[in-house]
Structure formats: structure tokens, C-alpha cells
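Each residue of the sequence shown is one higher than the last, beginning at 1 in our numbering.
No wet-lab data here; the hints were simulated from the structure.
Since the model is a prediction, treat every value here as computed from it, not as a measurement.
A couple of the hints might just be wrong.
Okay, derived cross-link-like pairs now, DSS-like style, lysine-lysine, Cα gap no bigger than 25 Å in a straight line [what the hints assert, rightly or not]:
#1 120 - 93
#2 130 - 107
#3 129 - 107
#4 120 - 107
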Amino acid sequence: MSLQFTFSRPSEGHLAISCYDLGLRYEVFGTRRGVVSIQQWDTTKNKNVVVGEFTRSSVWRNRIRVGADAPWVPVREFLYRHGGLWSRSRAFKGHNGSEYVWERRNKGLILHRSFSLDAKPMVLVTFNKKGDLPYLECHDTSLLTCLDRIIVSLLIMEGRIYRL
Numbered sequence: 001m002s003l004q005f006t007f008s009r010p011s012e013g014h015l016a017i018s019c020y021d022l023g024l025r026y027e028v029f030g031t032r033r034g035v036v037s038i039q040q041w042d043t044t045k046n047k048n049v050v051v052g053e054f055t056r057s058s059v060w061r062n063r064i065r066v067g068a069d070a071p072w073v074p075v076r077e078f079l080y081r082h083g084g085l086w087s088r089s090r091a092f093k094g095h096n097g098s099e100y101v102w103e104r105r106n107k108g109l110i111l112h113r114s115f116s117l118d119a120k121p122m123v124l125v126t127f128n129k130k131g132d133l134p135y136l137e138c139h140d141t142s143l144l145t146c147l148d149r150i151i152v153s154l155l156i157m158e159g160r161i162y163r164l
């Protein structure tokens, strides 16, 4: 079963990412200080909780943290180049230690686990920008445990489009 997360803009400087099948909703807000905050509704606390933040000051000074109490690290340590000097692919580590790789394909992005170059990787997540509403499609529900990292890394990969 695949899950679809739709993107919408309720207001200027505000992005919503929703999965109606699971009742999940992420809110993304930009601030005047150049910090982008990604929050998820927590039903037990009955409020939004921060799942990640990153700064947009300059290319060399961008920082990120995944989790409200996590330390700030350079974005390049969290989302690093994968596949050589000229590669546009970027990778990050999931909670389970697995390496996940974003690659650009057909006006969108795909996410797969990092494997050897001779094996064809299985697509786990697809980000599609075609049509009116962009959406993220998760083909493997076991990835829900690292969904926060997937959302944060996607927003960085697509930062030029989703200026907040």
C-alpha cells in the first residue's frame, strides 16, 4: 500500500503537507530570521511539535537539526553529496542507520536505499511536481519511522521551489 502526502499553501510563508489516510499533517513556516520550522500535529499534546528546523542564511552557513532538542549541524553533514563530485544526488542516514539517496528524475525526485552501483535500487518514495498539487508518495510504509527526516531532506532538496 502506498501513502500520498499532498502539498498546499494555506497562506504566504506557510506550507502544509498532509496524508489524509493516516491523519498526519506537517506545517512548514518560514521566519524573518531565516529559519524554516517543520512541525507535526501531536494528538497526545494537542499542539504542533517541532520535528526539524534549518537555516537559509547562505550556502556555506546553512544549518539543520532534526528534532526539537537535537544539536545544530551543517546541512552538508546531514544531506551530503552521493555518487561523485558532479552528482546532483544527495544522501542522508535514517534512524536505523540505513543510507537513503534522493535522485532527480522526470521533473521530480525519487528516494531509494543506497546499494552497490550494479544493483537497481527499489524506489521507496517519489516526489511528483506535475499538475496543480505536488505530492509525495511513500511506496514503503516501513519508512514512516524516518518520515521526519524524509520531509526535512525533501524540503532542502526542493528549497528553490518552496521558498518560505
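Hint check results:
1. 120 - 93: holds, 20 Å
2. 130 - 107: Holds. Residue 130 to residue 107 sits at ~8 Å (cutoff 25 Å).
3. 129 - 107: Satisfied, since the Cα-Cα distance of roughly 7 Å is no more than 25 Å.
4. 120 - 107: holds, 20 Å
In summary, the structure agrees with every hint in the numbered list given earlier.
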